[in-house]
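Student: Going by numbering that gives the first Met the number 0, the residue at position 148 of the sequence shown is 147; the numbering climbs one at a time, nothing skipped.
Hints may contain errors.
Below, computed lysine-lysine pairings styled on BS3-like, alpha-carbon distance capped at 25 Å [to be verified]:
hint : residue 1 : residue 2
1    : Lys41     : Lys236
2    : Lys231    : Lys39
3    : Lys39     : Lys236
4    : Lys231    : Lys41
Just so you know, the hints here were simulated from the structure itself, not pulled from any lab data.
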Amino acid sequence: MDESMNTNITEPGFRNGSSSCEEDDEERKDLIPSSLSPPKDKYNMIYIIMFILSLGVLFPYQSYVAGLDYFTYLYPSYKPELALPLSNIIAALLSITVSIGIINYLSISFRLNIGYVFFIICLSTVLLLDIGINNCTISTETGFALTLLSALFSGFGGGIQQSTLYGLSGMLPERFTQCLMFGEAAAGSIVAINRIITKASSGSERTGTLIFFSISLFFIIACVGLQFVLRKSPFVKYYFAQNTSKENKRFELNCRSIKNCQCLKRRDSVDTIQLTQIGEKQEEEEEDTTSKYEFKNQFKNHLIDGLVFRYRILKKIWQPFISVFLIFFVTLLVFPSITSDVQYCKIGDWPIVIHTSLFNFADTIARALCLLPYR
Numbered sequence: 000m001d002e003s004m005n006t007n008i009t010e011p012g013f014r015n016g017s018s019s020c021e022e023d024d025e026e027r028k029d030l031i032p033s034s035l036s037p038p039k040d041k042y043n044m045i046y047i048i049m050f051i052l053s054l055g056v057l058f059p060y061q062s063y064v065a066g067l068d069y070f071t072y073l074y075p076s077y078k079p080e081l082a083l084p085l086s087n088i089i090a091a092l093l094s095i096t097v098s099i100g101i102i103n104y105l106s107i108s109f110r111l112n113i114g115y116v117f118f119i120i121c122l123s124t125v126l127l128l129d130i131g132i133n134n135c136t137i138s139t140e141t142g143f144a145l146t147l148l149s150a151l152f153s154g155f156g157g158g159i160q161q162s163t164l165y166g167l168s169g170m171l172p173e174r175f176t177q178c179l180m181f182g183e184a185a186a187g188s189i190v191a192i193n194r195i196i197t198k199a200s201s202g203s204e205r206t207g208t209l210i211f212f213s214i215s216l217f218f219i220i221a222c223v224g225l226q227f228v229l230r231k232s233p234f235v236k237y238y239f240a241q242n243t244s245k246e247n248k249r250f251e252l253n254c255r256s257i258k259n260c261q262c263l264k265r266r267d268s269v270d271t272i273q274l275t276q277i278g279e280k281q282e283e284e285e286e287d288t289t290s291k292y293e294f295k296n297q298f299k300n301h302l303i304d305g306l307v308f309r310y311r312i313l314k315k316i317w318q319p320f321i322s323v324f325l326i327f328f329v330t331l332l333v334f335p336s337i338t339s340d341v342q343y344c345k346i347g348d349w350p351i352v353i354h355t356s357l358f359n360f361a362d363t364i365a366r367a368l369c370l371l372p373y374r
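Build the full structure now, drawing on both the sequences and the hints.
Tutor: What follows is the structure, given as structure tokens:
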């Protein structure tokens with residue numbers, strides 16, 4: 000979440016000196032804006048794409064929550080209403096923490112795509128497990144363990160993707176960050192509507208669940224194509240290049256090319272990091288040793304810089320930080336597990352669906368009100 004802060008706050012990182020890394024040079028040339036004036040978002044297409052991508056961030060998680068009625072029916076002895084949300088949230092927290100150290104080593108496209116890979120595999124796993132359990136080829140214990148792992152990896156991918164999208168929106172005008180916030184709330188409502196329709200219209204519980212998760216899977220696949228369109232648009236390229244210029248043309252090191260582009264870090268009087276390319280050729284064994292040593296030092300120092308940078312931000316925003324933490328802790332973890340225990344004999348397993356849907360609808364309305372202009 001901290002990456003969505005004002006872009007005037009610049010994260011410490013590596014700054015561009017002289018470099019012969021061809022991949023980095025080509026990426027930089029591709030980011031140079033074609034004109035001095037910012038391009039317009041024609042027909043609000045970029046805004047719409049960002050909104051759809053923000054839906055995709057929480058679509059898998061909301062699918063697990065909205066499908067708790069079926070998971071409870073399938074695994075009645077394992078408390079999936081508590082285990083699935085908890086594993087998802089813990090994995091998301093770990094992935095965001097890990098991303099502090101690797102953010103400058105992995106490109107935006109890689110971070111987005113790895114999230115979609117996790118989403119597609121996890122949602123596909125749920126569908127395959129349903130088929131396997133009903134055909135008695137997979138035991139209930141194995142099925143629940145794999146379902147728990149799928150929720151965990153889904154949270155890991157979601158954490159990386161969410162932090163990446165907020166970082167990207169922080170480079171764009173302010174309304175795009177607001178768009179992400181609203182999209183994440185709308186994801187819950189859309190998934191809830193999908194669950195209600197598929198559950199009510201299908202003849203059997205199993206058929207409705209298969210259709211429900213299939214729709215979620217196809218939506219994620221559509222998001223994969225849209226994120227390519229977003230990154231290639233002149234609008235996003237312009238603001239990305241502007242942000243690069245403001246940060247003194249900070250670039251991301253390519254770990255695969257570190258042997259061909261060895262860099263020594265040197266701090267100057269203003270505590271900036273300059274990169275100097277080593278021109279002399281070394282023996283292969285010495286080169287490998289130096290590469291590993293430099294990589295470890297670069298990773299360690301950048302991880303420390305990232306933690307210090309976020310700690311400074313946390314000191315300024317600790318009050319809203321605690322507020323947001325408590326809100327999401329209650330709504331994403333405590334609320335689903337408590338409401339799933341509420342039973343009404345006359346309507347069967349519908350209470351779980353109804354409770355989560357009402358919450359998501361109210362959440363969407365509240366965030367939509369934040370889109371209104373204020374004085």
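Student: Hint by hint, note whether the structure agrees.
Tutor: Hint-by-hint comparison with the structure:
For the hint linking Lys41 to Lys236, the alpha-carbon distance of about 15 Å falls within 25 Å, and the restraint holds. Distance restraint check for Lys231 and Lys39: the Cα-Cα separation of roughly 15 Å lies within the 25 Å cut-off, and the hinted pair is therefore satisfied. Only pairs whose Cα atoms come within 25 Å are accepted, and Lys39 paired with Lys236 is accepted, the gap being roughly 12 Å. This hinted pair checks out: Lys231 and Lys41 have alpha carbons roughly 15 Å apart, not beyond 25 Å.
Every hint from the earlier list agrees with this structure, and none is contradicted.
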